[in-house]
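Undergrad: One-letter residues, chain by chain:
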Amino acid sequence: MLKIENLVTKFGSVVALDGVSMTAHESKITTVIGANGAGKSTLLRTISGLEHPAQGAITWQGESIVGRRPEDIVRLGIAHVPEGHAVISELSVEENISMGSLFRRRKFKSDIAKAMDEMYQLFPRLQERRKQLAGTLSGGERQMLAISRALVSRPQLLLLDEPSLGLAPLVVEQIIDSVNTLCRTTGLTVLLVEQNANTALGVADHGVLLALGKVVADRPAAELKADENLRAAYLGY
Amino acid sequence: MSESTGLSISHLTVKFGGLTALDDVFLDVAPNTIVGLIGPNGAGKTTIFNSISGLVTPASGEISIHGKKMKWPASHQLAEFGISRTLQGVGLFSGLTVLENVMMGADITSGSNFLKDLFGLSGKAEAKLRRRALDALAWAGALDMAEKMPGQLTYPETKRVSIARALISQPKILLLDEPAAGLGQDDIDKFAALLKQLKQRCAIIIVEHHVDFIGAISDQVYVLNFGKVISSGTFDTVKRDPAVLAAYLGTSAQSGSDALGGDHA
Amino acid sequence: MNTFLAALFSGTSRGAIFALVALGLVIVWRGAGIVNFAQMGQAMFSTYIASTLITNGNSYWVGFFVALFAGAAMGALLDILVMRPLSNKKKTELLSSDSMRAAVPVIASLGILGALQALAGILWAAEERGFPAPAKQEGFTFGSNVMPFTAFDLFVISLVALTLVITTLFFKKTGIGLAMRATALNQEVAKLSGIRTNRTRTLSWAISGAASSLAGLLITPTSNLSPNTLDLVLIVGFTAAVVGGLDSPAGAVLGGFILGMVISFVTFYDTPEDVFLSILAVLLLVLLIRPRGILGSKDVRRV
Amino acid sequence: MSNLKAHSIARKSLIRTFLFTVVMLILGSRFDAYNQAQLALVLILFIGVLSVTILTGISGQLSLGQGALMAVGGYSTALMMINYKLSLWIAIPLSIISAGIAGLLLGVAAARLSGPYLAGTTLVIALAIPTLANRFMSVFKGDEGLPVDVGYPPAWFSNTFGEPSYEKWQIYVALPFAAIALFFASNILLSRSGRMWRAIRDNELAASLNGVNYSRQKIYVFIVSATFAGLSGALYGLRGLVGPSVYPVSLSLTLLTAAVLGGIRSISGAFIGTVIVVYLPDWIEKALGNFSLSEQVSNFLPALISSLLLILVVVINPAGVAGTRLHKHK
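Residue numbers (this note's numbering), protein chains in the order written: chain A, 1 to 237; chain B, 1 to 265; chain C, 1 to 303; chain D, 1 to 330.
Since the hints were made in silico from the structure, they are not lab data. The reader is advised that the hints may include incorrect statements.
Unchecked claim - Sample of chain D residues at the chain B side, in silico, Cβ under 8 Å:
#	residue
1	S191
2	M196
3	R198
4	A206
5	I219
6	S292
7	Q296
8	F300
Since the model is a prediction, treat every value here as computed from it, not as a measurement. For each residue, glycine too, the CB sits at the ideal point set by N, CA and C.
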């Protein structure tokens, strides 16, 4: 379980997160939604150690992870797929995926090939393009690759930042479905940040609505979907 | 396209490599109005600004400024055309004082030249420019920051300074790139009041994801998604448009014309 | 014909060494975004260490390997003591602009170069001294003809070729190599993949240090050793890296050989005095046509 | 910067220049012969360091080839003095023009380059230019070089002010030029051009959106910087010889070291840095007077210490000694 209490993150004097408290429950999909600039990405970046919070607590499996470096947080089983198909274009598909498992080579050498195979089963299109440079992939394929890169480290918690960004609806559906299946079959905990509220709430168990760095609603997803708050947060009425 | 049009764009198409970032976009901005551009991340809002301000070269499209058809301007020619632009990351010069930053906004109209500068004879022009800068700062409510460095300001303060810098050249068209980003509700309200005043002086185009704010101040709103204008009109009409709701909340009312895996910058 | 062959052989052997120097520069540039002007200062220093060991009765190979190790250690230290603290300072106002962020590490590396050269002067005096070659420096004989190609040339070329193959395999085939490439290309994604980017960056400095020490060991038998002798090698190596493309290892090798050939042919067919003018000409020509080098990637201006 | 009135920029620069000149004259009259020669050297190099301050500190472009521009100034002056028997008071201003043209050419190339590309290219230029001396032997006299010096004062000067020593005459020759350089540098930094150049340094894109044609401005910067370097080089050669050995690559690095140590963004920093670089060997000698050091050590100690200082300044406070004020806020 990931527990966040009163988290504040600032960029210089800009307050991006303003006292956020929320929880991501074991083996559930929790989605954080809200308009652009609401602080969703900052939340994930603070959890994964890319940003340092000004105050507040982040506890993972009962242990505080504030102040740790991103490369150590990955080792605790938290994998982050940042916004914008974060893959390395100059590396091949295979290299991008295996990059995510480098740190496990010593202890889990035998498992790595298996983990890679699972990724190819999850996204067969990546297997066809194994030797291609990531830069030659389409947007949707790159997003699949970024997710595989994170999943190959066998995380218990997946932080997924706007997988739908710039993708056609059909592709979004496919990616979200894969993540959903994975969560339901393997017990992976997912924290999904989305701009695309309806899609996200469609698969999530729980929804958190952010506006201007604050939590304005924190409810079961189905309930939130019907809430007036939602439209107001996006379109201002 | 009437004579009084402040700025008008038609058939604007921008491509990055194989990706179409903007697809046949149109935009009409009348003088003394505020036009808001909204849309989800990656819809192409900033790319429109970049096209107008010479930072990207459109594949095709036309631009008229003050009713006259023009070439797409180079970035350093904007001031000549009476266009000012603020940058998303504010873009202040970190090694210049606030006053100097604002003076930069009208440097090329100061009437000085290199030889005058070399012989120390630009004092008069400098003094004039300085007064204008102080006026602009005062107008933006940032007069007491004049001698500070940008690094010493709070974020809302840097926004004010960047507005002052954009205004000192007395532009006819002002492009504001996410001016409300990072501001709290209080500052947003103050800022909205500031912009409504500003409208008396020039046409304003705002790229913004803070829809609330856009709704409160804009005369016209254009909604972009996947590089296309999907809706335009007053905020009240736009927000009732199902296409807009779909774009924002992600119901699958989308056109679906995008090929599998296609993406947009 | 004999002059042509001589120029060709000498160009190959020089080109190999310049390729090595350029490769050292490229590795650090990709890994840390810094052009290390101290690189050949480190090489000079470690060659002096080798020279001292050999004069004191140790075998050539002891000196050789100690020098490689010393070069690597110096590279790592330089990163840990100077460059890493400097990159942590990014938030200060002076370093908040791109231009100064690019300039200041270059200035630091020049300071390191100056310090190493002065220290070498203090420890080993400024007079030139010879440095032994592990192979004969007389041309092979072919019938009654002396060929313009020596056993040492062969040694240089094969050793450089071996080094290039090993580094290529290291970068392409090993996990650490992948980690280093990932860090160089996208630090954030690398960190999120669990790669300890500080360590891999220090490793780039170390590998670059070892590569340039090797270049120092290979060039001093023909050019002698003094605190300043390798300055010119650095400048040629830098030109080679820029000509090939600063971010491309293959470009470094290509650039190295181009420069080796240019220098060699100018020396043989014209006069050695024109060497630097011809280097300048090659550099300006390439930069005017392809500002990012022959194999360099395009610079994308972002807003 | 407060209370600017018309023409007050020139006035402010004039006051600075006047004070500078008076202090230098007083120091020059008090010093012994050795220190007079050192002071003359400070004045000469100060102009060269200003060229780095303007180019790197103000406009953010790193050049390692200022020594080559100094050589252009030096050779032009020497050739005019030797071949056309021109007085140095005519030859030096003319040689500044030739340095300016070299700066223009460099600037055109530099406008396309940035960061390490520019640094490396200028370094290659610094290396290639002096080899021209051997290439065109008949004109430049190769490694031997062209002997020139400041000569002796004209009769009217000696009759009016008395016969100065050679060292003092060196000061009298260098000081007017240093004062003029200071005046122009001060004007530029206080006015619009200096502000534009700093803006380009801080944010090229934003500068461009504010109407600055930065490619053109970068060329201006190079021309101005080159004229300063050329002037410095002309005076530097008049210490006795103009030849390739007088303008080595290390000279460019000395200028850069001085500029960084003092504070790369200000005129006072340039002066402080020059004093440090010129006097450091003397200070070290004094400080270590009690130890008997071998020549090998004492020859290299100043270089070692100035290099270490350079590294320390860069790592601890990159804004330099005079830059603390600018640097204190985050």
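Undergrad: Each hint: holds or not?
TA: Okay, the hints, checked on the actual structure:
no. : hint : result
1   : S191 : holds, 4 Å
2   : M196 : holds, 6 Å
3   : R198 : holds, 5 Å
4   : A206 : holds, 4 Å
5   : I219 : violated, 11 Å
6   : S292 : violated, 48 Å
7   : Q296 : violated, 43 Å
8   : F300 : violated, 36 Å
The earlier numbered hints that this structure contradicts are 5, 6, 7, 8.
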